[in-house]
Amino acid sequence: MSLLHLAIISPLILAIFIPFVHKTFPKIHTGWFLLPLPVLLFAYFLSFLSTTINGQTTMETLAWIPTLGINFTVRLDGLGLLFAMLITGIGALVVLYSIYYLSKEKEKLNQFYVYLLLFMGAMLGVVLSDNLIVLYAFWELTSFSSFLLIGYWNHRERSRYGAQKSMLITVFGGLSMLGGIILLYLMTGTFSISEAIVLADVIVNHELFTAALLCFLLGAFTKSAQFPFHIWLPDAMEAPTPVSAYLHSATMVKAGIYLVARLTPIFALSGLWIWLVAGIGILTLFWGSFNAVKHTDLKGILAYSTISQLGLIMSLLGLGAASLHYSTIDAGFYTVAVSAAVFHLLNHATFKGSLFMMVGIVDHETGTRDIRNLGGLMTIMPITFTIAIIGAFSMAGLPPFNGFLSKEMFFTGMLRAQEIGFFNMGTLGILFPIIAWVASVFTFIYSMIIVFKTFTGKFQPEKLKVKPHEAPLGLLISPVILVSLVVIIGLFPNLVAPLINTVMASILPGMEFDVHIYHWHGFNTELFMTIGVILAGILLYKFMPKWTGVYTRMPERFSFNSAYDNGLAAIQKGANRFTNAYMTNSIRTYLIYIFAFFIFTLGTTLIVKNAFTLDTSNVASIHAFEVVLVVIIAVGSISILFAKSRMTTIILLGAVGYSVSLFYAIFRAPDLALTQLVIETVSVALFLLVFYHLPKVSRHEETRQFKMGNAIISVGVGVVVTMIALSAHSGKAFDSISQYYIENTYKKAAGENMVNVILVDFRGFDTLFEIAVLAIAALGIFSLIKLRLTRGKEQ
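For the sequence shown, position 175 (counting from the first letter as 1) is numbered 175 according to the UniProt record's numbering, and the numbering increases by one without interruption.
Just so you know, these hints were derived from the structure itself, not from any lab. Here a beta-carbon is modelled for each residue, glycine too, at the ideal position from N, C-alpha and C. Treat the hints with care, as some may be off.
[Stated by the list, open to error] Derived DEER-like restraints, expressed as beta-carbon distance ranges: (1) SER639 x LEU68: 53 to 61 Å; (2) ALA570 x LYS786: 44 to 52 Å; (3) LEU688 x SER639: 13 to 21 Å.
[Claimed, not checked] Dumping the calculated DSSO-like pairs for lysine-lysine here, alpha-carbon to alpha-carbon at most 30 Å: (4) LYS467 x LYS108; (5) LYS27 x LYS104; (6) LYS294 x LYS458; (7) LYS542 x LYS458; (8) LYS465 x LYS108; (9) LYS609 x LYS732; (10) LYS104 x LYS463; (11) LYS546 x LYS453; (12) LYS465 x LYS542; (13) LYS294 x LYS453; (14) LYS542 x LYS294; (15) LYS294 x LYS546.
Just need the whole structure built from these sequences, with the hints factored in.
This is how it looks when you write it as C-alpha cells:
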C-alpha cells in the first residue's frame, strides 16, 4: 500500500479510534486529537504541487479484485490535487472551528468527529480514484456520512427530514451513476477513467453512449444540487454550521462538479453533454440567486447562494467543453470558460466557507439567524462584520476580491457562448449572457442583504436570545484565514495561475494553457456588465419592499418541495396499500404467492429456452417392488387430503416417510435410510405431542371446499419440479462427480463409508458449520427453557 492509498484511508482508520479517545480523555475536546490529521494531509498533498504543475501525474495501484478489473488505483493530477487540498485544507479549518463551536459538555462529539472523518476519507476517495467502481463506493459513502452529519441533531424533526431528503435524492443519483458506470464498461471493457478517456472517439459512436451520458449527469446533478434536484440543499442547513461550511461550500456539493470535470474528455465530444451541462447550470444559477433573496434565515440565503454558485461553475464547464470540438488554435478562444470554472471553484470555497462560519458566529453569539431580528451588530462584532464584508463582497463580484476576477471571467465565458459555432444556436446564444447578468444582479442583492441586514440598521436586543458580543479568538481564526485568502488571491491572482493551468490540462487533455489573470482589461463589455450589476443591484436593494411581493404570487403547493413531499407521501401510501393487499397474515396465501411465482418463472424459462429434455438411455431398469413403493407413497400422500381425523393424517404422513426410507435401503444407502427412519419417528412423536394439546376438533366437523386455484398451483409445482429433475438428469453438462468419490474415498481419506467420508472430509467445513448452527439453536432452546423455569419460580 502506497502513501497515497494510506492518505485516503487514514481518516477512516482514525474514525475507529475516536470513540476510545473521547472516552479516555473526556475533559479534552475530541477535535484536538483529530486536527493534526487534516493538517498533515494538506501538507502531504501540497508537496505534490510542484511536480503536478510540471505536468506529471502520479498513479498508484493496489490490487483489489483484479479478475473483475477492479483495483484501488489512485490518480493524482491537477484536478485531483486541487480537490484534495480543498478537502484537507478546508477540513482542517472546519475542525478547528468546530472545537470552539461545539460544546464538549452538550454535544456527542465522538459521533460528530467519526461522521466527519468518514466524510473526509470518502471525499478523498472520490476525487483520487481512477477506478469507477471504487469511485462509486466512496461516492455512496459520502451520501451516507453526509446523512449522518445533516441529521446529527437527530432530536430535531427538521434535521431528520433534511437528512432523509438529501439521502434519497443523492442516493438516487448515485444509483443512476452506477448504471452509467456499467454502460461505460460495456462500451470500453474497463473501469479505468484514464483508459476510457483514450477510447473517447470510440465511445461517442456507441449506441449506449447517450444512456451512459444521462446516467452520469443524473449522478452529478443530484450531488451538486442542480435544478430541479436542488431542493435537498436548503433543508440540509439544519446541520451544525461546521458541517454546512465543509459539506455545502467546499466539498460534497462539488463532487458533482468534479465528476463533470473528470468525465468531460469522455462525453464532451457530444453536443448533448454541452447543452445539458451548460443549460442546467445556467438555469440553476438563476433559480438559486432569485430564490435566495426571499429568505430571512442567513443559512437559508447561503444555501440558495450555494445552489446558484454551483450552477455558475457547472454552466462554465459545459460551455468550456465545446473547445474540444475545435483545433488547438481556435479552442484557446473558448477555454476561458473552463479557466473561469476552475478559478471560481477555488474562490467559492474561500468566500463561502468564511460566510458560513460568519453566520455560525452570529448564531452562536446572538442566538438567532433571522435577519428580521438582527441589525446594528457592526460596532458590537467588528471582526465578524469585516469577515462578512470581505466574503459577501467577493461573492457579489466586487473588486479587489477574488470573486470579482472569476466573475469577470464568467461574463467573458458567457459572452463567447453565442460565438461558438458548434452550438448553432443563432439568436438563442444571447440568452446565456442575459441570464448570467440577471442572476448576477440577484447575487449582488442577497450579498448586500447578508451584510447590511445583519450588521447595520437598528439594533434590536429585545429580539435576541443572548446578549451579543464579539466571538472568541478560536471561532475567528478559521474564517479570518479564509477571508485573508480571498484578499490575497484577489490582489495577487497569478499566484494560483499555475495550479489553474494544470487543472485545465486534466479537464481538457492534449492542450497547453497559460492563464494570466488581471484586474483591468480596459473598458470592455464585461466591465459595463459589472457596472450594470452594481447599479441595478443597488436600485433593487433600495426598493425591495416594492417588488418582493412577486414571491408571494408563487403558491407553496406548486413548489418543488411540495412536489417532493406529496410524491413521497403518495409513494408511501401506495406502498402501504400494496403491502396490505398481499400481507393477509395467512401462511397459505403466502405459499400461493411463492409457488405461483415459482411456477411462472421456472416453467416459463423451461418453455421459452426449450430447456426441457428427456433422455432415458442411462436410466436403470424399474422393478416391480419399486413400482409398489411408488404407489404406496402416492396413495398415502393423496389420502392425507381426505383424512377425517388428525390421528389418521399423522399415520399416513409417517407411512409416506417410512416408504421413502425403504427406497434409500434399496438403493444401497443404509445411512440415509437410518436417518430418515429416525426423523420420521421423531416427527410422528412430535406431531402427536403437539396435537394432544390442540382443541379436540376432528376434520370431519370442519367445512371443506375444493379450491381450483390451490389445486392448479399444487399440480403445477409438482409438474415443474418433475420437469426440472428430468431435465437435470437428462442434460448433464459435466460428468458426474460420483466417480471421483468412488476412486478417492479410500485413497485420500482412508474411509470405506463413502457418505461419511464426504460429510466429514470432502465437505468438512460444510458439516462443521451445520453443527455450529445446531449448537447455536440448542443453546437458544436451552436459554429459553431456563428463562421460563426461572420466571416460573419467581411467580
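Here is what the structure says about each hint:
The hinted range of 53 to 61 Å is satisfied by SER639 and LEU68, whose Cβ atoms lie roughly 54 Å apart. Remark: the range hint 44 to 52 Å for ALA570 to LYS786 is upheld by a beta-carbon distance near 50 Å. The given range of 13 to 21 Å is respected by LEU688 and SER639, whose C-beta atoms sit roughly 18 Å from each other. Restraint check for LYS467 and LYS108: the C-alpha separation of about 26 Å stays at or below 30 Å, so the hint holds.
Using a Cα cut-off of 30 Å, the hinted pair LYS27 and LYS104 holds, with the two alpha carbons roughly 8 Å apart. Between LYS294 and LYS458 the alpha-carbon distance is near 20 Å, which keeps this suggested pair within the 30 Å criterion. The hinted pair formed by LYS542 and LYS458 meets the criterion: a straight-line CA distance of about 16 Å does not exceed 30 Å. Simply put, LYS465 and LYS108 have alpha-carbon atoms about 24 Å apart, close enough for the 30 Å limit, and the pair holds.
Distance check on the hinted pair: LYS609 and LYS732 sit about 16 Å apart at the alpha-carbon level, within 30 Å; holds. Taking the CA atoms of LYS104 and LYS463, the gap is near 28 Å; set against the 30 Å cutoff, the hint holds. For the suggested pair LYS546 and LYS453, the alpha carbons sit about 17 Å apart, so the restraint of at most 30 Å is met. About 29 Å separates the Cα atoms of LYS465 and LYS542, which keeps this hinted pair within 30 Å; it holds.
Between LYS294 and LYS453 the alpha-carbon distance is near 13 Å, which keeps this suggested pair within the 30 Å criterion. Distance hint between LYS542 and LYS294 is fulfilled; the C-alpha atoms sit about 15 Å from each other, no more than 30 Å. Of the supplied pair hints, the one linking LYS294 and LYS546 holds, its CA atoms being roughly 13 Å apart against a limit of 30 Å.
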